[in-house]
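**Student:** Below, each chain spelled out in residue letters.
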Amino acid sequence: MSDFLVITRAAKSFAGARVLDGVDLGVKRGEFVSLLGPSGCGKTTLLRIVAGLLAPDAGTVRLDGEDITARPPHRRDVGVVFQNYALFPHLTVAENVAFGLAARRAPRERIRATVARFLDLVHMQDFADRSVRALSGGQQQRVAVARALAVGPKLLLLDEPFSALDRKLRETMQIELKRLLRELSTTAVFVTHDQDEALMMSDRIAVISRGAIEQLADPATIYHRPATPFVLGFVGLSTRISGSVIEAHEGQVVLSTPHGRLRASGSLPPGAKAFVAVRPERIEVAPTAGKGNQIELPLRDVVFQGSKVQLHFDVAEGDRVIVEAAQLPNLRIEPGARLRLSFAAADAIAFQSESS
Amino acid sequence: MRARAREPLDPVGWLALPAVAYLLFIYALPLLLLLAHAVMGPQGFTLAPLAAFFADPFNWQVIANTLRIAALVTLVCLVIGYPTAFALAWSAGWTQVILLAAIILPLSVGVVVKAFAWQIVLRRDGVLSSAMMKLGLWDEPLRLLFTETGLVLGAANVFLPFMILPIYSVVKLIDPRLNEAGATLGATPVYRFRRVVLPLTLPGVVTGVVFVFSLSIAMYVIPSLLIGDRFQTLATLIGRSFLFMRNEQLGSTTATVLLVLAVAVVVGSGVLARRLGRSA
Amino acid sequence: MTRAEQGATVAVWTIASIAVIFLLTPLVVTIAVSFGSSAIFTLPPPDWSFRWYARLAATRGLLPALITSVEIAALSTLVALVLGTLCSIALVRGRFPGREAISTFLVSPLMLPGLVIGIAMLQGFRAVGLREVWTSLLIAHVVITMPFVVRTVLAALSLFDFSLIDAARTLGCSYLAALRKVLAPALAPAFLTSGMFAFLASMDNYPISIFFTDAWTKTLPIQMLQYVEESPDPTIAAISTGLILLAVAALFIGDRLVGLRRLADF
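Residue numbers (the working numbering), protein chains in the order written: chain H, 1 to 356; chain A, 357 to 636; chain W, 637 to 902.
Here chain H stands alone, though its shape is the one from the complex (with noise of 0.2 Å):
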């Protein structure tokens, strides 16, 4: 099946610094898909260029089929929700919800309809005639939902939606969107910082940084399987343990550190300054046989997390090694302690050192 939006190296540069560099992204109908990354790395850019608000330099957006890249917005049959929500001031809560409706001339009957069973489905029917200026941030959301999705776009972009909200409301906010757009089968993209948010609510994730997307997949290659240092360090945790190979064979490495020697997988020649990467929870304390990479260290610090522990040990300038479990073990935990830590090999992934 081809895929419903097709962005084709879209480019587009703002007072000669290049924001986009040529992206290239396909979302399948039905899916929903991230573009995470940190402020400044394009996501927005690229999600005004795919609603029509920005020219891109150069590049093609087609949607089911169509090139839509010369189209303006108001033609595009694409939704946004803004990050500010950007409701019509003066008008209702149901006016606004209908405001899509009523610019296309629909019928007096369906429109109160529609707008009604919105209003239904993000819980607001009880505001309906309530001018929007009253309404609180997640309120505010929620009507700013409703209208997109009223006039049944073929696409919806959100563009950090519940980047205002706490985090209690943001949690309920996600669940619920989700469950809206697995609802009405609607194809989204969302626009965020938070890897979290990415990672719970995306079909697949793009994680994008300085104008060039530099892993697309799902959530879970994503965290275990990070293509690159810069998704490694965005998205999750991670220690660093750095070194240089002295092994490379098929798929896997072995590096010497001050530590010992680590085994990972990666495709890296003999000789090159390397790191180890490993997710925090994928380590243990204690020596376990069979684990492959053991190495003994001095903890820091122990941060109390309410459902789980994170050990902090010290390591060479540059380097990191954070522990996350549970509970403490039943070991003597004092910072200063030397504590054994083993990891598997095919937990671990190893990097090139970026020239320093």
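Worth flagging that the hints you see were computed from the coordinates, not collected in a lab.
By construction, the Cβ of each residue, glycine as well, lies at the ideal position given by its N, Cα and C atoms.
Please note: incorrect hints may appear among the correct ones.
[To be verified] Not the full set, but computed from the structure, chain A residues with beta-carbon under 8 Å of chain H:
no., residue
1, Leu534
2, Ala537
3, Gly542
4, Val546
5, Tyr547
6, Leu556
7, Asp585
The hints should help you fit chains A and W onto chain H, whose structure is shown.
**Tutor:** Only chains A and W this time, still in chain H's reference frame:
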């Protein structure tokens, strides 16, 4: 909730007393006396002077003149001022400086200077005439001085900033995302203007219209210099009554009529503004 | 951009250009006429000359009128600044009924016909026996300047965060020092813009001043209108050009101190 006993007057409130007392005695009181005099004769309450005023068809002509000119001036200012306010909001850098200077500088210069300059412009052999002929719009030199058209032009010129600035202050507050939101919902540019931008600018438009209309019904120097004695407005009639005809009774009566009219405009606009605010 | 949007943009900028030319025309014409050699107001003038400026010194009544106008404007603005600021503080910080009514009342002179206010005050002053022209003029002009001060200072004060004064006091300032170091600088732009507009409004005022004048006391607009009526020649244009230069200087200083954008905050 405790029931509130009579609260002592907030001591900070006394700071307002000097200004309020000043205006009460120097400004409000004399105005009230003026109103009172209009209905007070030697024998007490009388509507005779007012009745005499409204009985004279000439005075009705004067009122009509006043309202008609004010309406035309307001219309011209609105047509030119509304788009200009948008240009000002969109502008940046030197363009903005030029626009702002063009709007604020004339305000600082004074009405006598401007009215006098328009006298020069509107003359038969004046700047406007020659420019129009060069552009091929006129076949022969036309005199606009001492005509209503000239008066409307001159007054619009003086009052235009008072239309532009209130509208500008509202336009620059409009979130550009609203227009984008409208577009992504499928609304054409015209629809977006009609249903999003225009309603949101309405408060500024009302302020501007009220300002310009109020200034226009009260203007004295501009009609004196640009249209002459054959055409009278309420303000010029008042001026003539006091300064040339020495008929203070007529002057006071006319002043009362103008005052009531001005107050009606202000009060009416307040009601309108509140009605607009409520529907938002 | 769609064609409709492009068309609208062109229309807006075209009308704005027309507006700019329209607004600046009287100023440009005045300056041009003042440098013309002919006594009739023809443009372009047959020749350029400074003769009308040379006549300025010899023009009777010009300097006294100018001095009178400046004195009245300065003093009435000063009084308005003091009374108006005190009142604005009361309106923003005080808790008493009728605050909105009071602020509307204080700004109302702007909206009512000056001519009517002038007549009313003339009759009022006469009724209490005040016939001294200069004093009457001053008292009347405070009514003109007050609304500008109250409007602007009130707006500035309602935006001011008074917890900043508390912060200053916790850092060691006395209450008065806190007012001086925190409130005064925050209000300075408001004082400047309102003072400037109030001063100009007073200098420019005709409808109220016309009722408070005699052979020895005239404000500048009164005097200028007299010239126009009695002996219209480009000397008036020369005076006007002087005023235009003054306005440009005031705008320039205003821009340097608070920025043109702030001046436009009507």
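**Student:** Out of the numbered hints, which ones does the structure contradict?
**Tutor:** Failing hints, ascending: 4 and 7.
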